[in-house]
Amino acid sequence: MSELNTLHPDRRLSVRDTFGIDSDLMAPAFGERDEHVPEVDEVYRFDRDTTLAILAGFMRNRRVMVQGHHGTGKSTHVEQVAARLNWPCVRINLDGHISRLDLVGKDAVVLRDGQQVTEFQEGIVPWALQRPVALVFDEYDAGRPDVMFVIQRLLERDGKFTLLDQNRVLAPHPHFRLFATANTVGLGNLNGLYHGAQRLNHAQIDRWNIVATLNYLPAEEEMAIVAARVPALGGEAQHALLRSMVALADLTRKGFAAGDVATLMSPRTVISWAENIEIFRDPAVAFRLSFMNKCDEAERPLVAEYFQRAFDRDLDEAYHLPD
Amino acid sequence: MGEAQQLARRQQQVEELCAGAIRALSGEADLHFRGRRLHRGRQRLPLFAPHLHPVIESDDFASFRGAADGLALRLSLSDAALHASLCPPEPVERLVFELLEQMRVESLAPKALRGVAHNLRHRFEQWSMAFHRARLTDSARGILLYTVAQVCRARVTGEPVLEETEDLMEATRAALAPALGNDLAGLRRQRHDQAAFAAHALAIARLVGELLRSADAEEGEHSGAARTEDDEDSERAAFGLVMELDARVEEGIAAAVSGHSRAFEAAQAQYRVYTGAYDRELAATALARAEVLQEHRHQLDRLLAASGLNLARLSRELKAVLARPVPDGWDSAMEEGRIDGRRLAQLIASPTERRLFRSEHVAAEADCALSFLVDCSGSMKQHIEVLAPLLDLFVRALEQAGVANELLGFSTGAWNGGRARRDWLRAGQPPLPGRLNERCHMVFKDADTRWRRARAGIAALLKGDLFREGLDGEAVDWAVARLQARPETRKLLVVVSDGCPMDGATNLANDAYYLDNHLKQVLQRHERAAQVEICALGVGLDLSPFYSRCQALDLSMPPGHALLRDILQLLARPARR
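If you're matching them up, the sequences are chains U and H in order.
Numbers 35 to 357, taken from the numbering used here, label the letters of the first sequence in order.
Numbers 3 to 579, taken from the numbering used here, label the letters of the second sequence in order.
Derived from the structure by calculation, the hints contain no laboratory data.
Warning: the hint list may mix true and false statements.
[What the hints assert, rightly or not] Result set (BS3-like, lysine-lysine): computed pairs, CA atoms no more than 27 Å apart in a straight line:
{"#": "1", "chain 1": "U", "residue 1": "Lys328", "chain 2": "H", "residue 2": "Lys465"}
{"#": "2", "chain 1": "H", "residue 1": "Lys321", "chain 2": "H", "residue 2": "Lys383"}
{"#": "3", "chain 1": "U", "residue 1": "Lys328", "chain 2": "U", "residue 2": "Lys288"}
{"#": "4", "chain 1": "U", "residue 1": "Lys140", "chain 2": "U", "residue 2": "Lys194"}
{"#": "5", "chain 1": "H", "residue 1": "Lys465", "chain 2": "U", "residue 2": "Lys288"}
{"#": "6", "chain 1": "H", "residue 1": "Lys493", "chain 2": "H", "residue 2": "Lys321"}
[Said to hold, decoys possible] Okay, the calculated beta carbon distance ranges per label pair:
{"#": "7", "chain 1": "H", "residue 1": "Ile350", "chain 2": "U", "residue 2": "Arg94", "range": "50 to 56 Å"}
{"#": "8", "chain 1": "U", "residue 1": "Ser57", "chain 2": "H", "residue 2": "Ala197", "range": "22 to 28 Å"}
{"#": "9", "chain 1": "H", "residue 1": "Gln402", "chain 2": "U", "residue 2": "Leu197", "range": "50 to 56 Å"}
Using N, Cα and C, we set each Cβ at its ideal position, and we do this for glycine too.
Next up, chain U with everything else stripped away, as it sits in the complex (with noise of 0.2 Å):
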């Protein structure tokens, strides 16, 4: 733990070579691994803006929020940059029940010497406070904004925690970094998409430096990606079919964005469908087990539509005039 104290960035990386981003930047960097790094992902593909706005937060100690819809990676981003800037990062899942005793700390009985004593014990914000640590609040929206309110002031540059319960204040280590993702932007679930996402306090909202979104990714970025994770699906006799899969994925984003459709394709269900045809070997049957299933039986018939315009082949939900 103490080893953890002691780490300091201690190389500087370029931007260009690491991410793969046109930028000349060049990035703090650990030499060494500790076990709160994450893994790195080899194949994982940058979104530039994304990437800038993350790493700025890292070099220049913002706080930033990466708001985009599910499935477009947001955690995963933070998760990659940190990996490969080998910072230690932890992510927390926020949900309703988390509570300020969770994330401050609380009184605990342990066992000392045999006997029985109450200890404080530090909660997570604490813990990360004091430690050159990633901390990074994912499903942000999902936490109670009542409760939100004990990260207000770490929120600040420089702000300090103060330990109600043992009358320490906490000065946060100077590589120290909080980050956060969100689906929505903090009005609440408008969409009907997010159920539970909560309306958050904008004196809260307000603090976040930096609020990135991100969001679907060009047909051509998507297909490679999509690529990277199913191989089988790289080569060049598979490109038409990932491109009609990618294509079909936008019409039902469209469609989303136009309310006809209640469900939409992330790029994890592209790369769920892209697995699924390795097994299956039928793009239509895997297309059902991992996306038409999950769709409202009223909206099926549509869905075929979309599919139809993509594959040039009729789904059996597909709407036919009677003879």
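Knowing the structure of chain U, use the given hints to seat chain H on it.
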């Protein structure tokens, strides 16, 4: 009638799917079909090209898909302002120019969407074959237009021409080739650049226009006034098929027909009521003696029992559509949540007790008022035996789902104008008198009456002599005003009708579309105000020329769950403005 209703229903299903595909392909959310024409919000879009308008009676579903894809590509890939600025004024030139622009966008269909390219080709072939089979290629003008269309499409898209008619157009093609050669080559080369493409397209359009005019002149010299009727017929048909770019698409049997009313426009769109002295608003129970209502009620109950519709299921589904989750008190004795202070004593008494928490209880609550407004015009009488049990069921289900509901009806007090018309005749028939009948509004069930109390009133729907004529515009105004007086936040009006507003005397004294135009004005006003959502159920009729949210119902078959689902979908569908 049954067949017409089925066709209307089918038309609507196909349009829903096509509109959904168009929205997804073009990325524009406010596109939808109204009266078989594509609209963007309230604005009607041009027809674009003749092959984009298949008809449900004769074309297959793949044709509809092709037409939808063509429309979507046109909207997303063509700059409408540039196109309009270049469009030539003469009808023939304009037709060719529109057609070429359409072919340009069709040739640009994304490669990733294989099905789109196939649909487009299929639709064009079907249209070509229909053109050919209708013997429109027999006339000189027909074959010229046909050949230009075929050759140009083959050039722009790089697909071969239709094999079946290749020989037929050989001669025309050979004659055209030298004059068109240059521009044809330009079409394919410039298809990514709308302005450069338009230059070639315009040149081709002009050439075709000149050829047609010279053909006309020649024909005139040869045969003079002695043109046979046969010729004229086929010509009209040809132009009907290809040239009505500004006119409406030919109406099928089932779309509501409407037009412009001079009388209404002359009065600066001010609706006039000649006299309101005989207008009545009645509670339905006052319409008949209690014994008669009792008998109707028994009949209604029998019909309902015979239909076998499931009340509990409908109520559940209505709740899912109309209710929103709201916090409603607390659930105590939970294993997690917030500590419930009242249970702490229990913890001391029994330390192993874990159910010490309480959590917020969320209940689905429908803060919503829904009115049914039933058109009680003469033609509705034949549907009422199916409709009345359905409405009765909905009233009960809505009540169970906690939705305030009303059942209203409108008719007239007399046929042919009644006393209002007599007054008008006595006054010497002043011109444009406005509405000329005794308006009759009926309340079968109001929102404050429970279904149990309103049973007899609802049964009055089955009383045959209520059904006379209809003044839809005034009735919608009335129903909306009643809804606006309700405290609920969401307000829905469902109009059930099988036709346009109809009142013989008013139409005779003003003109045929006077009431139509008033209805449109009323709906437009309320849709803009957006305080009350108005939807319409068309009994065997597509009401989309009037209502932006409507659903055609097929009542010729015994009502089943599919019918209920159609109505639920209408309630759930978002309004497209």
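(message) Need the list of violated hint numbers for this structure, in ascending order.
(response) Violated hints (numbers, rising): 1, 2, 5, 8; every other hint is consistent with the structure.
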